[in-house]
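Each chain is listed here by its residues.
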Amino acid sequence: AQSVTQPDIHITVSEGASLELRCNYSYGATPYLFWYVQSPGQGLQLLLKYFSGDTLVQGIKGFEAEFKRSQSSFNLRKPSVHWSDAAEYFCAVGAQDNAGNMLTFGGGTRLMVKP
Amino acid sequence: KAGVTQTPRYLIKTRGQQVTLSCSPISGHRSVSWYQQTPGQGLQFLFEYFSETQRNKGNFPGRFSGRQFSNSRSEMNVSTLELGDSALYLCASSPRTGFGYTFGSGTRLTVV
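Residue numbers (the working numbering), protein chains in the order written: chain A, 1 to 115; chain B, 1001 to 1112.
What the hints contain is simulated information worked out from the structure, not anything from laboratory work.
What you are looking at is a predicted structure, and each value in this text was computed from that prediction instead of being measured.
All residues carry an ideal CB built from backbone N, CA and C; glycine is no exception.
Keep in mind that a hint or two might mislead.
Label-pair ranges, simulated between beta-carbon atoms [said to hold, decoys possible]:
no., chain 1, residue 1, chain 2, residue 2, range
1, B, 1062, A, 22, 21 to 27 Å
2, B, 1044, A, 16, 32 to 38 Å
3, A, 12, B, 1100, 28 to 34 Å
4, A, 71, B, 1053, 35 to 41 Å
5, A, 52, B, 1030, 33 to 39 Å
6, B, 1009, A, 20, 31 to 37 Å
For reference, chain A alone in the conformation it holds in the complex (with noise of 0.2 Å):
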């Protein structure tokens, strides 16, 4: 069964403070990997997504993440934080096969920053 850990459950930067939050899968093969912002009260957005091919990763607001199969990880990171990018982080696993569409999520990382 797959699964995905992000040790840090909240994370405070100051504004302009690179950032790199932490997320570890358990997969049996090559998995597709995300990571999803949610603001209060809202639902998930996108930021990035890993497929194959290069393991860094370019996404959008300026984030990238690598993958590194080594370490079963997938750090998302971000060279300057805005006050903007206070929100909820959440990495998340899917299945490389025909099962179908299922994400197993981590339990998010709450990102606050300090102006």
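Using the hints, position chain B against chain A.
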């Protein structure tokens, strides 16, 4: 291009009642998935429909059911509501397996 539309946005129901939530996917998207989000359990997969067929089901009791229509619109139904069913229910659509999922804003269900 319109996004994923979920109706209603908010709902208050009484224990024992049943409820139906609706999801209209992005035009051309044939896969619709449903997720439940609660503070305690996080985001959990309910089920996925593709071309009117349920392809996957999560670990939820039979009180949770869904269907998909020929126009890809989907509904989920929860019967005999319990207090623990209070949650944000999110719908996501995708054109095909693994392509990426666009989520709606969700329906906030409160059971009293």
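Hints, one by one, checked against the model:
{"no.": "1", "hint": "1062/B - 22/A: 21 to 27 Å", "result": "violated (37 Å)"}
{"no.": "2", "hint": "1044/B - 16/A: 32 to 38 Å", "result": "holds (36 Å)"}
{"no.": "3", "hint": "12/A - 1100/B: 28 to 34 Å", "result": "holds (30 Å)"}
{"no.": "4", "hint": "71/A - 1053/B: 35 to 41 Å", "result": "holds (37 Å)"}
{"no.": "5", "hint": "52/A - 1030/B: 33 to 39 Å", "result": "violated (22 Å)"}
{"no.": "6", "hint": "1009/B - 20/A: 31 to 37 Å", "result": "holds (34 Å)"}
Comparing the model with each earlier hint shows violations of hints 1, 5; every other hint is respected.
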